[in-house]
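Make a model of the complete structure from these sequences and hints.
Protein chains: 2
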Amino acid sequence: MIPSRLELEAACSRVRPFVHRTPVLTSTLLNELAGAQLFFKCENFQKMGAFKMRGAVNAIEHLTAAQKEAGVVTHSSGNFAQAVSLAARNLGVKAYIVMPENAPSVKKAAVKDYGGIITVCESTLAAREAASQKIINETGATFLHPSNDLNVILGNATATAELMEEHTELDFVFAPVGGGGLIAGTALAAHHLSPKTKVIGGEPFAVDDAYRSLHSGKIETNATSDTIADGLRTQLGDVNFPIILQLVSEIIRVEEQEIVAALQLVWERLKIIIEPSCAVPVAALLRDKHRFQHKKIGIILSGGNIDVHNLPFGNLNKES
Amino acid sequence: MIPSRLELEAACSRVRPFVHRTPVLTSTLLNELAGAQLFFKCENFQKMGAFKMRGAVNAIEHLTAAQKEAGVVTHSSGNFAQAVSLAARNLGVKAYIVMPENAPSVKKAAVKDYGGIITVCESTLAAREAASQKIINETGATFLHPSNDLNVILGNATATAELMEEHTELDFVFAPVGGGGLIAGTALAAHHLSPKTKVIGGEPFAVDDAYRSLHSGKIETNATSDTIADGLRTQLGDVNFPIILQLVSEIIRVEEQEIVAALQLVWERLKIIIEPSCAVPVAALLRDKHRFQHKKIGIILSGGNIDVHNLPFGNLNKES
Numbered sequence: 001m002i003p004s005r006l007e008l009e010a011a012c013s014r015v016r017p018f019v020h021r022t023p024v025l026t027s028t029l030l031n032e033l034a035g036a037q038l039f040f041k042c043e044n045f046q047k048m049g050a051f052k053m054r055g056a057v058n059a060i061e062h063l064t065a066a067q068k069e070a071g072v073v074t075h076s077s078g079n080f081a082q083a084v085s086l087a088a089r090n091l092g093v094k095a096y097i098v099m100p101e102n103a104p105s106v107k108k109a110a111v112k113d114y115g116g117i118i119t120v121c122e123s124t125l126a127a128r129e130a131a132s133q134k135i136i137n138e139t140g141a142t143f144l145h146p147s148n149d150l151n152v153i154l155g156n157a158t159a160t161a162e163l164m165e166e167h168t169e170l171d172f173v174f175a176p177v178g179g180g181g182l183i184a185g186t187a188l189a190a191h192h193l194s195p196k197t198k199v200i201g202g203e204p205f206a207v208d209d210a211y212r213s214l215h216s217g218k219i220e221t222n223a224t225s226d227t228i229a230d231g232l233r234t235q236l237g238d239v240n241f242p243i244i245l246q247l248v249s250e251i252i253r254v255e256e257q258e259i260v261a262a263l264q265l266v267w268e269r270l271k272i273i274i275e276p277s278c279a280v281p282v283a284a285l286l287r288d289k290h291r292f293q294h295k296k297i298g299i300i301l302s303g304g305n306i307d308v309h310n311l312p313f314g315n316l317n318k319e320s
Numbered sequence: 001m002i003p004s005r006l007e008l009e010a011a012c013s014r015v016r017p018f019v020h021r022t023p024v025l026t027s028t029l030l031n032e033l034a035g036a037q038l039f040f041k042c043e044n045f046q047k048m049g050a051f052k053m054r055g056a057v058n059a060i061e062h063l064t065a066a067q068k069e070a071g072v073v074t075h076s077s078g079n080f081a082q083a084v085s086l087a088a089r090n091l092g093v094k095a096y097i098v099m100p101e102n103a104p105s106v107k108k109a110a111v112k113d114y115g116g117i118i119t120v121c122e123s124t125l126a127a128r129e130a131a132s133q134k135i136i137n138e139t140g141a142t143f144l145h146p147s148n149d150l151n152v153i154l155g156n157a158t159a160t161a162e163l164m165e166e167h168t169e170l171d172f173v174f175a176p177v178g179g180g181g182l183i184a185g186t187a188l189a190a191h192h193l194s195p196k197t198k199v200i201g202g203e204p205f206a207v208d209d210a211y212r213s214l215h216s217g218k219i220e221t222n223a224t225s226d227t228i229a230d231g232l233r234t235q236l237g238d239v240n241f242p243i244i245l246q247l248v249s250e251i252i253r254v255e256e257q258e259i260v261a262a263l264q265l266v267w268e269r270l271k272i273i274i275e276p277s278c279a280v281p282v283a284a285l286l287r288d289k290h291r292f293q294h295k296k297i298g299i300i301l302s303g304g305n306i307d308v309h310n311l312p313f314g315n316l317n318k319e320s
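Sequences listed follow chains Z and P, in order. For what it's worth, my numbering labels the leading residue of the first sequence as 1, then goes sequentially. For what it's worth, my numbering labels the leading residue of the second sequence as 1, then goes sequentially.
It is worth saying that the hints were derived from the structure and are not from the lab. It cannot be assumed that every hint is accurate.
As the list claims (entries may be wrong) - Below are the DSSO-like pairs computed for lysine-lysine, each with C-alpha atoms no more than 27 Å apart in a straight line:
#1 Lys112/Z - Lys289/P
#2 Lys112/P - Lys94/P
#3 Lys107/Z - Lys94/Z
#4 Lys112/P - Lys289/Z
#5 Lys94/Z - Lys108/Z
#6 Lys134/Z - Lys107/Z
Stated by the list, open to error - Chain Z stretches covered by chain P per the calculated footprint, using a threshold of three residues with CB under 8 Å from any CB of chain P:
#7 44–58
#8 260–268
For glycine and all other residues, C-beta sits at the position ideal for the given N, C-alpha and C.
Structure, rendered in structure tokens:
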């Protein structure tokens, strides 16, 4: 069930030529604030602005020559659509992207800029799946799932593998939990490369399906998707959940205002742009910081794609 | 008139233990957009968030033991007040900061956090100077000017010295022009370390005193201070102007909307937080980019202190 260390190492070799080796930032001030030693793996500086590039590259590189010839297809309105578009272009593969008609025009423009071939459909899951199936039938393209795919998970794991190459003996690594692809990859890397390191997920209370799933032992679903962390509204899948169940130590849930406060803290103190989903593990650490005093902690900063015309700080200010 | 290479090297040794060696970032996308090879020296990641830390450290380190004992004083509502407060604290020196009563409370709080001893006065220059003089009379503290001081200029020069150590044979270095302390230091470093490199200043049209001064050969003043680049509203001084006149190749002026567009570009593409003044040299380069095709260009990103509750992007959006 758990991919081997050899498979992880193969993924690292496979993605290396096509991704940035992102920097690891530290901050004396944030260390003081947390009472711990923090190492921020900056996937917000990754190509197309998020860790998703890694999974997309690994999944496409894993295809046969014939499959590559036929292209890949995914339905997404977020970072994975951009990641598949750019990864496919850089690997000389066609990318068909199914996007709901109400997707923001900036996101459609980004996919188009990266060379993705867009099919617009109604904004229901059924319509997206039907549009994807139609493309598969017509072109023979391979469907790529953003988080419930072993090769995507292995690709995501390479961020933590890089972090652990540079910073050994981490006590903990924190990552956000959405569809489960990043936290599963993070836990997989820790399992093979630094088994003493505990992996902790950060998740909004509003969409705490992973927290509940980890406790019940089966995949739970969310009643709502009402969180500012728009990248974390998705559900776990049958491929990543067994890995999470076995290798993730715990999930810490956070309130919406804690996410915004962590977002602002990283912007103001690290002087880097991260997106709300990316602030969730920072918020989780700060919420329970008394438990992590003097520990050596890696934090996967997952991405930095945010619309600067629509930021949460103004609203926060008006509310307070 | 021009400080020697030896003085520059002494400044580098003096500030090194007290400042971050900030990273130099690159971006394939911004290179493509500019048609040039760009090297961003990230002083927004500097301690207290701006290059001003360098000048403050160098000026304070240059004092005699007796002067250090008596402390330092400055009047500023911006980054220099924070820089002097933090530099003085780290060097075991008292910092008296005169701030106008209408200074934003966040700026007062930052100065206080860094250990500065605040005196509030009326918001006229006369009141600030009177309050500073009173402190000097009472304490014997040494007055530090934010930009018109050779040791501040030499401290500022160390940012470019670091950049040139890592990236040789730059064709151009761009820096913003406000009070003149940064551009003078930048030109000084280039003069001694890479004489072929031309230094270009970026300045808002709204406060183009430096542009006009370079053309007239004497210090010109601004009729207004109406620019979003709040760090660049100040005037040149008799210490930095001769250096600028001799060593700066040219000054390129930019419109307000070009500053906001450059700000947004750096935020979205480099995923780092910079302040409006810091975007000015980026805007200057992009405005005249046809002249810089295929060149190797350093850009001093001066600082990242911006109030995230009051960003220009929303307004831009509403106007367009």
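Which numbered hints does this structure break? Going through the list in order, the structure violates no hint and respects every one.
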